[in-house]
Amino acid sequence: VSTQSTGVFCFFCVCVVLMRPLTDEETKIFFKKLAKYVGRNIKFLIEREDEPYVFRLQKSRVYYVSEALMKISVNFGRKELLSLGVCFGKFTKTGKFYMHVTCLDYLAKYATYKLWVKPSAELSFLYGNHILKAGLGRITENTPPNQGVIVYSMSDLPIGFGVTAHSTADCRRLDPGAIVCLHQGDLGEYLREEEKIV
Amino acid sequence: INAEYGAMSNDNSLSDSSQDSDDELPKQKKQLLEDGISSDSEIDPLVTKSRKIEEKRLENIEQSQFEVDAEQQQAAADLRLDFEIPDAAVLQKEEEQGFDMTMLWARIEDVSRILSNFKNLRNPKHSRAEYVSLLQRDLRFYYGYNDFLIEKFFSMFSVEEALALLDANEKSRPITLRANTLKTRRIDLIKALTERGVHVEPIPWTKVGLQVFSSRVPVGATPEYLAGHYMLQSASSMTAVIALDPKPGERILDMASAPGGKATFIAQLMKNKGFLIANDVNPKRIAALTANLHRLGVTNCIVSNLDGRKLPERMKGFDRVLLDAPCSGSGIVSRDPQVKVKKSRQDLQSLSAIQKELILAAIDCTKSSKSKSGFIVYSTCSILVEENEDVIQYALTKRNVKLVDTGLGDFGVKGYVHSGKRRFHPKMALTRRYYPHVYNMDGFFVAKLQTVNTAKGEVKESIPKPISESEDVSRKRIREAKPKDPNGPKTKRPKMNSNPKVTVQLITRSELKNSKPSRKKLKKAKK
Numbered sequence: 001v002s003t004q005s006t007g008v009f010c011f012f013c014v015c016v017v018l019m020r021p022l023t024d025e026e027t028k029i030f031f032k033k034l035a036k037y038v039g040r041n042i043k044f045l046i047e048r049e050d051e052p053y054v055f056r057l058q059k060s061r062v063y064y065v066s067e068a069l070m071k072i073s074v075n076f077g078r079k080e081l082l083s084l085g086v087c088f089g090k091f092t093k094t095g096k097f098y099m100h101v102t103c104l105d106y107l108a109k110y111a112t113y114k115l116w117v118k119p120s121a122e123l124s125f126l127y128g129n130h131i132l133k134a135g136l137g138r139i140t141e142n143t144p145p146n147q148g149v150i151v152y153s154m155s156d157l158p159i160g161f162g163v164t165a166h167s168t169a170d171c172r173r174l175d176p177g178a179i180v181c182l183h184q185g186d187l188g189e190y191l192r193e194e195e196k197i198v
Numbered sequence: 001i002n003a004e005y006g007a008m009s010n011d012n013s014l015s016d017s018s019q020d021s022d023d024e025l026p027k028q029k030k031q032l033l034e035d036g037i038s039s040d041s042e043i044d045p046l047v048t049k050s051r052k053i054e055e056k057r058l059e060n061i062e063q064s065q066f067e068v069d070a071e072q073q074q075a076a077a078d079l080r081l082d083f084e085i086p087d088a089a090v091l092q093k094e095e096e097q098g099f100d101m102t103m104l105w106a107r108i109e110d111v112s113r114i115l116s117n118f119k120n121l122r123n124p125k126h127s128r129a130e131y132v133s134l135l136q137r138d139l140r141f142y143y144g145y146n147d148f149l150i151e152k153f154f155s156m157f158s159v160e161e162a163l164a165l166l167d168a169n170e171k172s173r174p175i176t177l178r179a180n181t182l183k184t185r186r187i188d189l190i191k192a193l194t195e196r197g198v199h200v201e202p203i204p205w206t207k208v209g210l211q212v213f214s215s216r217v218p219v220g221a222t223p224e225y226l227a228g229h230y231m232l233q234s235a236s237s238m239t240a241v242i243a244l245d246p247k248p249g250e251r252i253l254d255m256a257s258a259p260g261g262k263a264t265f266i267a268q269l270m271k272n273k274g275f276l277i278a279n280d281v282n283p284k285r286i287a288a289l290t291a292n293l294h295r296l297g298v299t300n301c302i303v304s305n306l307d308g309r310k311l312p313e314r315m316k317g318f319d320r321v322l323l324d325a326p327c328s329g330s331g332i333v334s335r336d337p338q339v340k341v342k343k344s345r346q347d348l349q350s351l352s353a354i355q356k357e358l359i360l361a362a363i364d365c366t367k368s369s370k371s372k373s374g375f376i377v378y379s380t381c382s383i384l385v386e387e388n389e390d391v392i393q394y395a396l397t398k399r400n401v402k403l404v405d406t407g408l409g410d411f412g413v414k415g416y417v418h419s420g421k422r423r424f425h426p427k428m429a430l431t432r433r434y435y436p437h438v439y440n441m442d443g444f445f446v447a448k449l450q451t452v453n454t455a456k457g458e459v460k461e462s463i464p465k466p467i468s469e470s471e472d473v474s475r476k477r478i479r480e481a482k483p484k485d486p487n488g489p490k491t492k493r494p495k496m497n498s499n500p501k502v503t504v505q506l507i508t509r510s511e512l513k514n515s516k517p518s519r520k521k522l523k524k525a526k527k
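Sequence order for the protein chains is A and B. Residue 159 in the numbering used here sits at position 159 of the first sequence, with consecutive numbering throughout. Residue 105 in the numbering used here sits at position 105 of the second sequence, with consecutive numbering throughout.
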C-alpha cells in the first residue's frame with residue numbers, strides 16, 4: 001500500500017511540467033489499456049515503417065505524434081500548446097488512464113476483437129447506452145469476457161468501443177434485454193462531451 | 001376592359017364612339033371571318049379590302065387602348081411619386097409612435113424609383129441628397145440596422161444593388177458541406193447521405209463541396225458526420241483554402257483557425273503529410289477546433305493558443321500562411337443579425353488596426369529567401385473596403401510582397417482598384433469579392449500574396465500614390481509660377497526621399513551630358 005501511495009505522489013508532481021515523454025509507470029498503465037483493445041498490434045503503433053512516431057504527455061493527456069512534428073511543437077510554451085497529432089486519452093489524478101474516442105481510427109485499424117451493432121441499436125449506442133442482446137449483430141469468434149472490443153455499424157463504420165460483459169458463447173444464450181457490451185466510448189461524444197474528450 | 005376604359009379616360013366622346021363601334025365590329029368581324037373560312041375567292045375584293053381596313057383600325061384601337069392604359073398607370077404612379085419629403089417632425093413622430101411597415105415599404109419603393117429616374121421624377125424642391133438620406137433612414141428602420149452599415153452599403157453600391165443586398169441579408173444562405181477526402185470520396189458521401197434522407201448536389205466549382213437542398217434528418221448529427229466523413233462549411237470559406245492551394249509535405253500555418261473548417265480542409269489537401277499549425281487566440285473556441293481536427297482524422301496538426309501578432313516570435317519559415325482575419329462580419333448579416341446593430345465606426349477602426357498588425361505578422365511568418373518564396377492568403381467574411389483592400393494595400397507598402405492570382409479565375413467580383421478618393425495598387429483587381437445577392441454565398445473577400453525577396457537589389461513594386469485632382473492642379477501651378485533662372489545652367493533638383501540622412505549628389509546638366517553619351521552620338525557610332 002505504501003509503495004502505491006508514493007507512486008501516486010510522484011506522478012502528481014511530475015504532471016505539471018512541459019510536454020514530456022511518458023514515464024515507465026505511465027507507459028505501463030497506458031499500454032495495458034491499449035493492449036486491451038489492440039492486443040499485440042501495439043507494435044505497429046510504436047515501430048512504424050514510414051516515420052518514427054512517439055507518445056507524449058501534455059497536461060495529463062497522451063498524444064500520438066510523429067517525431068518531426070513533436071520537435072516543432074517544442075517551440076510552443078506549456079500554456080500555448082493545446083494539442084499535437086492525435087489525443088489517445090488522459091490520465092486521471094489518481095493515475096488511471098481513460099481512453100477517448102479521438103483515437104478510434106487507430107484502434108479500429110489494429111483491432112483484434114470486433115462487434116457489429118444492428119441499425120436499430122446504432123443510435124442508442126451513439127447516445128451513450130450499453131449494447132443489449134437485441135442490438136447485437138455479429139461478434140468475433142472466441143471473444144473472452146471483459147475484453148475490449150471495437151464497435152462497428154453494419155456498414156463496417158467504426159462507431160465506438162466497449163468492454164464485453166460475456167464471452168461469445170455465452171452471448172448466444174442471453175435474453176434480448178441483457179447487456180452484451182458495456183459502453184466505453186462512442187462517436188456521439190463529439191457532440192455530447194466535446195470539451196471532455198479534447 | 002371597356003368599362004375601365006370608360007371610367008378612367010377623360011375624353012368621353014372618343015370612348016363613346018369607339019364603344020359603339022366596338023360592339024358592332026366584333027359581330028361584323030365574326031361574320032367576315034365565317035365568310036372567309038369558306039373560300040376567299042368567292043368574297044368580293046372590295047369586301048376583303050374593307051375587312052383589312054377594319055382589322056387595321058381594330059389594331060390601332062387596341063394599341064391606343066394599351067398605350068392609354070400604360071399612360072394612366074404611369075400617371076397614377078406619378079401621382080403617388082409626386083410626394084414631398086416629410087418634415088423632420090413627421091419623421092420623429094413616426095419613430096415615436098411606431099412604423100406602419102407597408103407604408104414604409106411603399107415609401108422606400110417610391111424613393112428608389114425616383115432615384116432611378118431622377119431627372120424626370122424628382123420634385124425640384126428637394127436635392128438628391130435629401131432623397132438618399134430619406135431612403136437610408138427608411139431602410140434603417142425597415143430592416144433594423146444602425147446608420148453605419150447602411151451608409152457603407154450605399155457608398156459601395158448603386159441604389160438597386162444596395163436594396164438587393166439588404167434583401168439578401170434577410171434570407172439565409174443554403175447549407176453547404178465539404179466531403180472529407182481523408183476518409184471518403186464525394187461520390188460515396190452523396191450516396192450515403194441520400195440513403196439517410198438528405199438531398200445533396202455537388203457544388204460545381206469545387207471537387208469536395210456539396211449543397212444541401214432538403215433533409216429528413218439533422219445534417220449535423222448523422223453517423224457520417226460523427227465519423228468525420230464531412231464537415232459543415234460555408235461555400236465562401238472553401239474559396240479561401242482553394243486560393244491557398246496547400247500541397248502535401250509543406251509547412252502551413254492557419255493563424256485564426258477556430259472552429260476548424262479551413263484548417264481541416266488544408267489538412268485534407270495536404271493528405272496528412274507535412275505539418276499544419278492551427279492557431280487561435282480564443283481558448284474557448286479551441287475545444288471545438290481540436291474536436292473537429294480529431295473527428296476528421298487529421299494527424300499532422302499542432303493546435304496552439306497564441307495571439308497571432310506574436311507568432312513570428314515562435315516560428316517562421318512557413319510555406320503558406322492562411323489568415324482568416326477577425327472582421328466586422330458585414331458579409332454574414334444573414335447568419336448573425338446582431339451585426340446590423342452592434343458594429344460602429346470605432347469598431348471598424350480598431351478591427352482594421354488589428355487586421356493590419358495580423359497581416360504583417362503573417363507575412364513575417366512566411367518563408368522569404370533568395371530561391372524560395374511563400375504565399376499568404378488573407379480572407380475576411382466582410383465586404384467593407386476598410387477591412388479588405390485597405391489592409392492589403394497597407395501590407396504592400398510595409399513588406400516585400402506582391403499580389404498574385406487567387407486561382408479562382410473569373411468566379412467572384414474583382415477587388416476594387418479605387419474606392420472614393422483612395423487609389424489602390426492596380427493588381428488589387430486580382431483579389432476576389434463575393435456578395436450574397438450575386439452568388440448566394442456569404443459576403444467574402446480573398447487575396448493572395450507572395451513574398452518577394454529583394455536581396456539581389458530588385459526594385460520594390462511601385463505603388464501609385466493616392467492622387468487627388470486638386471493636388472495635381474496645385475502641382476501644375478507651382479511649375480508654371482517658378483521663374484526661369486537667367487544666371488547659369490539649370491541644376492537638377494534633389495529627389496525627395498523618405499530618409500533625410502541620405503544625401504543626393506547634385507550634378508549639373510553639362511556634367512550629365514558629358515557622362516552619358518547622347519542617343520544621337522550612339523546612333524552615329526553604330527553607323
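The set of hints was computed from the structure by calculation and includes no laboratory data. Please note: incorrect hints may appear among the correct ones.
No farther apart than 25 Å at their CA atoms in a straight line, the calculated lysine-lysine pairs in the DSS-like style are these [said to hold, decoys possible]:
hint: 1; chain 1: A; residue 1: LYS28; chain 2: A; residue 2: LYS43
hint: 2; chain 1: B; residue 1: LYS316; chain 2: A; residue 2: LYS114
hint: 3; chain 1: A; residue 1: LYS93; chain 2: B; residue 2: LYS284
hint: 4; chain 1: A; residue 1: LYS43; chain 2: B; residue 2: LYS191
hint: 5; chain 1: B; residue 1: LYS191; chain 2: A; residue 2: LYS71
hint: 6; chain 1: A; residue 1: LYS90; chain 2: B; residue 2: LYS284
hint: 7; chain 1: B; residue 1: LYS271; chain 2: A; residue 2: LYS43
hint: 8; chain 1: A; residue 1: LYS71; chain 2: B; residue 2: LYS340
hint: 9; chain 1: B; residue 1: LYS356; chain 2: B; residue 2: LYS340
hint: 10; chain 1: A; residue 1: LYS93; chain 2: A; residue 2: LYS109
hint: 11; chain 1: A; residue 1: LYS79; chain 2: B; residue 2: LYS316
hint: 12; chain 1: A; residue 1: LYS196; chain 2: B; residue 2: LYS284
hint: 13; chain 1: B; residue 1: LYS183; chain 2: A; residue 2: LYS43
hint: 14; chain 1: B; residue 1: LYS310; chain 2: A; residue 2: LYS71
hint: 15; chain 1: A; residue 1: LYS79; chain 2: B; residue 2: LYS310
hint: 16; chain 1: B; residue 1: LYS367; chain 2: A; residue 2: LYS109
hint: 17; chain 1: A; residue 1: LYS71; chain 2: B; residue 2: LYS316
hint: 18; chain 1: B; residue 1: LYS273; chain 2: B; residue 2: LYS247
hint: 19; chain 1: B; residue 1: LYS191; chain 2: A; residue 2: LYS118
hint: 20; chain 1: B; residue 1: LYS372; chain 2: A; residue 2: LYS79
hint: 21; chain 1: B; residue 1: LYS183; chain 2: B; residue 2: LYS316
hint: 22; chain 1: A; residue 1: LYS59; chain 2: B; residue 2: LYS356
hint: 23; chain 1: A; residue 1: LYS109; chain 2: B; residue 2: LYS356
hint: 24; chain 1: A; residue 1: LYS71; chain 2: B; residue 2: LYS119
hint: 25; chain 1: A; residue 1: LYS71; chain 2: B; residue 2: LYS356
hint: 26; chain 1: A; residue 1: LYS96; chain 2: A; residue 2: LYS196
hint: 27; chain 1: B; residue 1: LYS271; chain 2: B; residue 2: LYS191
hint: 28; chain 1: A; residue 1: LYS93; chain 2: A; residue 2: LYS32
hint: 29; chain 1: B; residue 1: LYS183; chain 2: A; residue 2: LYS118
hint: 30; chain 1: B; residue 1: LYS310; chain 2: A; residue 2: LYS59
hint: 31; chain 1: A; residue 1: LYS114; chain 2: A; residue 2: LYS32
hint: 32; chain 1: B; residue 1: LYS372; chain 2: B; residue 2: LYS247
hint: 33; chain 1: A; residue 1: LYS33; chain 2: B; residue 2: LYS247
hint: 34; chain 1: A; residue 1: LYS96; chain 2: A; residue 2: LYS33
hint: 35; chain 1: A; residue 1: LYS109; chain 2: B; residue 2: LYS340
Here the structure is a predicted model, which is why all the values come from computation and not from measurement.
Evaluated hints:
1. Only pairs whose Cα atoms come within 25 Å are accepted, and A/LYS28 paired with A/LYS43 is accepted, the gap being roughly 14 Å.
2. Under the criterion of a C-alpha separation no larger than 25 Å, the hint pairing B/LYS316 with A/LYS114 is inconsistent with the structure, at around 45 Å.
3. Between A/LYS93 and B/LYS284 the CA atoms are separated by roughly 23 Å; this keeps the pair inside 25 Å, and the hint holds.
4. Between the alpha carbons of A/LYS43 and B/LYS191 the distance comes to roughly 37 Å, so the proposed pair goes past 25 Å and is violated.
5. Taking the CA atoms of B/LYS191 and A/LYS71, the gap is near 41 Å; set against the 25 Å cutoff, the hint is violated.
6. In summary, the hint linking A/LYS90 to B/LYS284 is supported, as the alpha carbons are separated by about 20 Å, within the 25 Å threshold.
7. Distance restraint check for B/LYS271 and A/LYS43: the Cα-Cα separation of roughly 24 Å lies within the 25 Å cut-off, and the hinted pair is therefore satisfied.
8. Straight-line distance between C-alpha atoms of A/LYS71 and B/LYS340 comes to about 46 Å, which puts the hinted pair past the 25 Å bound.
9. At most 25 Å may separate the alpha-carbon atoms for a hinted pair to count; B/LYS356 and B/LYS340 meet this at roughly 24 Å.
10. For the hint pairing A/LYS93 with A/LYS109, the CA-to-CA distance comes to about 30 Å; that exceeds 25 Å, so the pair is violated.
11. Taking the CA atoms of A/LYS79 and B/LYS316, the gap is near 20 Å; set against the 25 Å cutoff, the hint holds.
12. Distance check on the hinted pair: A/LYS196 and B/LYS284 sit about 13 Å apart at the alpha-carbon level, within 25 Å; holds.
13. With a CA separation close to 24 Å, the supplied pair B/LYS183 and A/LYS43 stays within the 25 Å bound.
14. Proximity of B/LYS310 to A/LYS71 is assessed by CA-CA distance (about 20 Å); at most 25 Å being required, the pair is judged to hold.
15. For the suggested pair A/LYS79 and B/LYS310, the alpha carbons sit about 14 Å apart, so the restraint of at most 25 Å is met.
16. For the proposed pair B/LYS367 and A/LYS109, the alpha carbon gap of about 37 Å is over 25 Å, so the pair is violated.
17. In summary, the hint linking A/LYS71 to B/LYS316 is supported, as the alpha carbons are separated by about 14 Å, within the 25 Å threshold.
18. Between B/LYS273 and B/LYS247 the alpha-carbon distance is near 9 Å, which keeps this suggested pair within the 25 Å criterion.
19. Taking the CA atoms of B/LYS191 and A/LYS118, the gap is about 20 Å. The hint holds against a cut of 25 Å.
20. The straight-line distance between the Cα atoms of B/LYS372 and A/LYS79 is roughly 33 Å, outside the 25 Å bound, and the hint therefore fails.
21. Using a Cα cut-off of 25 Å, the hinted pair B/LYS183 and B/LYS316 is violated, with the two alpha carbons roughly 31 Å apart.
22. Between A/LYS59 and B/LYS356 the alpha-carbon distance is near 34 Å, which puts this suggested pair outside the 25 Å criterion.
23. For the hint linking A/LYS109 to B/LYS356, the alpha-carbon distance of about 46 Å lies beyond 25 Å, and the restraint is violated.
24. For the given pair, A/LYS71 sits about 71 Å from B/LYS119 by alpha-carbon distance, which is inconsistent with the 25 Å threshold.
25. Simply put, A/LYS71 and B/LYS356 have alpha-carbon atoms about 31 Å apart, too far for the 25 Å limit, and the pair is violated.
26. About 16 Å separates the Cα atoms of A/LYS96 and A/LYS196, which keeps this hinted pair within 25 Å; it holds.
27. For the hint pairing B/LYS271 with B/LYS191, the CA-to-CA distance comes to about 23 Å; that is within 25 Å, so the pair holds.
28. For the suggested pair A/LYS93 and A/LYS32, the alpha carbons sit about 18 Å apart, so the restraint of at most 25 Å is met.
29. About 22 Å separates the Cα atoms of B/LYS183 and A/LYS118, which keeps this hinted pair within 25 Å; it holds.
30. Distance check on the hinted pair: B/LYS310 and A/LYS59 sit about 23 Å apart at the alpha-carbon level, within 25 Å; holds.
31. With a CA separation close to 18 Å, the supplied pair A/LYS114 and A/LYS32 stays within the 25 Å bound.
32. Between B/LYS372 and B/LYS247 the CA atoms are separated by roughly 15 Å; this keeps the pair inside 25 Å, and the hint holds.
33. Taking the CA atoms of A/LYS33 and B/LYS247, the gap is near 37 Å; set against the 25 Å cutoff, the hint is violated.
34. Taking the CA atoms of A/LYS96 and A/LYS33, the gap is near 10 Å; set against the 25 Å cutoff, the hint holds.
35. Under the criterion of a C-alpha separation no larger than 25 Å, the hint pairing A/LYS109 with B/LYS340 is inconsistent with the structure, at around 49 Å.
Checked against the numbered hints given earlier, this structure breaks hints 2, 4, 5, 8, 10, 16, 20, 21, 22, 23, 24, 25, 33 and 35; the rest are met.
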